[in-house]
Amino acid sequence: MTGGQVTSPGAQTRPKPRRARRRRSEQRLGYAMVSPAVLVLLAITGFPLIYNLWNSFHYFNLLQPENGHPYVGLSNYREFFSSGSGLAPALEHTLAYTAVSVPIEVALGLGIALLLNRPARGHGLARSLLLLPWAIPTVLSATVWKTMLDPQTGGVDYLLGAAHLPGAHTTWLGTSTLLSWVSVLIADTWQVVPFCSVVLLAGLQGIPRDLYDAAALDGAGGWGTFRRVTLPLLRPALLVVLVFRTLSALLIFDIIYAMTGGGPGTATTTLSYVDWHAFLVDGDFGLGGAIAVVMVVVALLIATVYRLLLRPNT
Amino acid sequence: MTALSPGTGAPQASSGRGPLRWIRAHWTAAALTAILVLFLLPFYWVFAHSFESAAQFARNQVTLWPSHPTLSNYYTVLVRDGFTTAILSSLIVASITTAITLVLGSLAGYALSRLRIRGRGVILGFVILAGFFPLTAMMGPLFDVMAHTGLLNTYLGLSISDLVYTLPFTTWLLASLFGQLPAEIEEAAMVDGCGRLRVLVKVVLPLAAPAMATATIFSFILVWSDFAFSLAFLQSSNRFTAPLAIIMLGQSKYQTFYNYTDAAVMITALPILALVLIAQRRIVSGLTSGALR
Numbered sequence: 000m001t002g003g004q005v006t007s008p009g010a011q012t013r014p015k016p017r018r019a020r021r022r023r024s025e026q027r028l029g030y031a032m033v034s035p036a037v038l039v040l041l042a043i044t045g046f047p048l049i050y051n052l053w054n055s056f057h058y059f060n061l062l063q064p065e066n067g068h069p070y071v072g073l074s075n076y077r078e079f080f081s082s083g084s085g086l087a088p089a090l091e092h093t094l095a096y097t098a099v100s101v102p103i104e105v106a107l108g109l110g111i112a113l114l115l116n117r118p119a120r121g122h123g124l125a126r127s128l129l130l131l132p133w134a135i136p137t138v139l140s141a142t143v144w145k146t147m148l149d150p151q152t153g154g155v156d157y158l159l160g161a162a163h164l165p166g167a168h169t170t171w172l173g174t175s176t177l178l179s180w181v182s183v184l185i186a187d188t189w190q191v192v193p194f195c196s197v198v199l200l201a202g203l204q205g206i207p208r209d210l211y212d213a214a215a216l217d218g219a220g221g222w223g224t225f226r227r228v229t230l231p232l233l234r235p236a237l238l239v240v241l242v243f244r245t246l247s248a249l250l251i252f253d254i255i256y257a258m259t260g261g262g263p264g265t266a267t268t269t270l271s272y273v274d275w276h277a278f279l280v281d282g283d284f285g286l287g288g289a290i291a292v293v294m295v296v297v298a299l300l301i302a303t304v305y306r307l308l309l310r311p312n313t
Numbered sequence: 000m001t002a003l004s005p006g007t008g009a010p011q012a013s014s015g016r017g018p019l020r021w022i023r024a025h026w027t028a029a030a031l032t033a034i035l036v037l038f039l040l041p042f043y044w045v046f047a048h049s050f051e052s053a054a055q056f057a058r059n060q061v062t063l064w065p066s067h068p069t070l071s072n073y074y075t076v077l078v079r080d081g082f083t084t085a086i087l088s089s090l091i092v093a094s095i096t097t098a099i100t101l102v103l104g105s106l107a108g109y110a111l112s113r114l115r116i117r118g119r120g121v122i123l124g125f126v127i128l129a130g131f132f133p134l135t136a137m138m139g140p141l142f143d144v145m146a147h148t149g150l151l152n153t154y155l156g157l158s159i160s161d162l163v164y165t166l167p168f169t170t171w172l173l174a175s176l177f178g179q180l181p182a183e184i185e186e187a188a189m190v191d192g193c194g195r196l197r198v199l200v201k202v203v204l205p206l207a208a209p210a211m212a213t214a215t216i217f218s219f220i221l222v223w224s225d226f227a228f229s230l231a232f233l234q235s236s237n238r239f240t241a242p243l244a245i246i247m248l249g250q251s252k253y254q255t256f257y258n259y260t261d262a263a264v265m266i267t268a269l270p271i272l273a274l275v276l277i278a279q280r281r282i283v284s285g286l287t288s289g290a291l292r
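Respectively, the protein sequence lines represent chains A and B.
Everything in the first sequence is counted per numbering that gives the first Met the number 0, starting at 0 for the first residue and increasing by one.
Everything in the second sequence is counted per numbering that gives the first Met the number 0, starting at 0 for the first residue and increasing by one.
Treat the hints with care, since some could be wrong.
Distance windows between CB atoms, simulated [unchecked claim]:
1. B:A33 x A:S84: 17 to 25 Å
2. B:Q179 x A:R18: 47 to 55 Å
3. B:L39 x A:L38: 42 to 50 Å
4. A:L299 x B:S71: 49 to 57 Å
5. B:L269 x A:L61: 35 to 43 Å
6. B:L87 x A:Q204: 38 to 46 Å
7. A:V99 x B:L90: 36 to 44 Å
8. B:V200 x A:I103: 46 to 54 Å
9. A:R27 x B:E183: 18 to 26 Å
10. B:P18 x A:R227: 30 to 38 Å
11. A:A106 x B:L87: 37 to 45 Å
12. B:A33 x A:L232: 25 to 33 Å
13. B:L35 x A:A106: 17 to 25 Å
14. A:L232 x B:P209: 27 to 35 Å
What the hints contain is simulated information worked out from the structure, not anything from laboratory work.
C-beta: ideal position from N, C-alpha, C; glycine also.
Go ahead and model the full structure; you've got the sequences and the hints to work with.
Now the structure itself:
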C-alpha cells in the first residue's frame, strides 16, 4: 500500500532515502493529526464498551456501593433473558419494530424521491420544505405528534371529526399496545422519510439520462425501466439508507421515552429504553452493561449482514 | 426547468376534459403538494395552537385557528418556565461541541484525505462505526466517569459526550470535501517552504470555507437535537437543554398543557427551521456527500 515504487530499490541511492524520510515524517504528522479525533472517539465509545463488558460479568449497583463488585458470571445476562424480569420482550419489540418500520420508511422515501426526480416546477422548494421534519430534534417530533394525536384536542381528531370520518376521539397513546406502536411509527416516519428521500433522490440524479432513453428505445415500460434500470443503479444509495435506518431503528429511544414511556405497562419497551432504565433509574450497572453488550452485538450482526449484502456487486 | 414542465408536450394525447385532464398533466405536482401538506400539517397545528388559550384547551374547543389568539403561552414558557435558560444551555452546548468538532474534525479530515498514512481505511472505518455506537450503552460508563471527575451536570461534560453525534460525521464529511479541493495550490505553497500544518491553516481552510460551513451547520443541528445525553448527564433544571426542558414541561404536571408545549416546540424548532431554509442547498449536499461516499 506504500505505492510509487517504480524504481527498483538501491538503483538510486541519493533521492530515495530523502523521499522515504519525507514519507515517514508525513506519516508521523498524519497520525498526529488524526489521533485527537480518534482518541476522543475511543474514550467515549471504546471505553464504555470495555467497561460495560466488565460490568456485565460483575455485580455493580450504584445505589448499593456497600455490596462491592463481586464476579457473578452470566447472571446479569440470565436476568435479561429470564421470563421473570420482563426485559427479554424489549429485544423482541426492538427487532419487530425495526423489521416493520424500516421497509415502510424506505419505501415511502423511495416513492417521494421518484416524484421529486420527475421534472416539474417548484421541486427545489418542495425538497427544502421536506427537510424540516428531519432537522428538528427527535423529541420535538414526538411532542408534535402527541399534540396531534390527543383524543380531545389533537389535530388528527379535529380533521377526522371535520371530515365526518370514523376514528375521531381515538385514544392513541396509553391504552392500546397496537395504537401506541402505530403512534411511535407515525412520529418516526414523519421525521425520517425526508432523510430517506433526499439521499435516494441524490442516487436517482446520479443515474445517467441516456440509460432511460436506451430503455425507452428498447420499448421498456415504466415498471420495466424501474426494475431494470432504476433499482439496480440505485442499489448503493438504497443500501446506505437501509443501513442508516436499520441501525437507528434498533436504537430507538427518544420517541419511546417522550411518547409512551415504554407503556402501556411494558408493551413498548425497547433495548435502549430498558438499558437507560437499568443504568440511570435502577443504578444497576451490571445489568445495564449486559443489555449494552446485547445491543452492540445485535447492531454488529446486522451491520455484518448488510456488509455481506453489499459485497457481490462492488 | 420550466421548459421541461409536463403537460406542455401532449395536449392532443390526453383524452379527458377539464379537471381530469389537468390532473393527468399535473399529477406529479398534485401528489407532491398532497405529500407536502401532510408533512407540514403538524407544524401548522403546533404553530396555530401555540397561540391558543389554556381555557380553550380545557374546554376541548380547539379549532383550526384559535378564536382568541394570545401570546401569553410564549410569555409563560419563556419567563415562568425558564425556557430562556434552556435555549441558552442548548446554545452553549452546541457551540462548545461544534468548536471542538471543527478543530478535531478538520485535522483528522485533512490527514485522511491528503497525507498518505498507513491504516487509513481502518481509521475511517472505526470513525464511522463509532458514529453508530448505541447512545444508551454510553450512558452508564460515562455517567460513572463524570461522577468521579466533576463533569456530571456540566455543559463541558455534556459537550464532550455529544461529540459522538458530530465528530464521526464531520470527519467523514471533511475528509471527502478536502479530497475534492485542488492539490496543486497546496503543493505550490509547500514548494514555497510552508509546512503541512501551515498549509492547512493558511491555504486549505480558507479554500474549504464552504465545507467548514456545512460541517458547522450539521454539527449544530445534531447537537441541538440531543435528548438522551441531556437526560442522562444534566441534573439541575436550570441547566436543562431545550429538548429536555420540553419533556420536563410536559411531565411536571398531571395534565399536559399543549398550549405551553406547543409554544416551547416552536421556540426550540425556530433556530433549526431558519437554518434549514437558509442553508438547504448546503444541507442536501452534505447529506448526500456524507452518506453516499
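Do the hints match the structure? See the list:
{"no.": "1", "hint": "B:A33 x A:S84: 17 to 25 Å", "verdict": "violated (46 Å)"}
{"no.": "2", "hint": "B:Q179 x A:R18: 47 to 55 Å", "verdict": "violated (26 Å)"}
{"no.": "3", "hint": "B:L39 x A:L38: 42 to 50 Å", "verdict": "holds (43 Å)"}
{"no.": "4", "hint": "A:L299 x B:S71: 49 to 57 Å", "verdict": "holds (51 Å)"}
{"no.": "5", "hint": "B:L269 x A:L61: 35 to 43 Å", "verdict": "holds (38 Å)"}
{"no.": "6", "hint": "B:L87 x A:Q204: 38 to 46 Å", "verdict": "holds (41 Å)"}
{"no.": "7", "hint": "A:V99 x B:L90: 36 to 44 Å", "verdict": "holds (37 Å)"}
{"no.": "8", "hint": "B:V200 x A:I103: 46 to 54 Å", "verdict": "holds (47 Å)"}
{"no.": "9", "hint": "A:R27 x B:E183: 18 to 26 Å", "verdict": "holds (24 Å)"}
{"no.": "10", "hint": "B:P18 x A:R227: 30 to 38 Å", "verdict": "holds (35 Å)"}
{"no.": "11", "hint": "A:A106 x B:L87: 37 to 45 Å", "verdict": "holds (41 Å)"}
{"no.": "12", "hint": "B:A33 x A:L232: 25 to 33 Å", "verdict": "holds (28 Å)"}
{"no.": "13", "hint": "B:L35 x A:A106: 17 to 25 Å", "verdict": "holds (19 Å)"}
{"no.": "14", "hint": "A:L232 x B:P209: 27 to 35 Å", "verdict": "holds (28 Å)"}
The structure fails hints 1, 2 (numbered hints given earlier, in ascending order).
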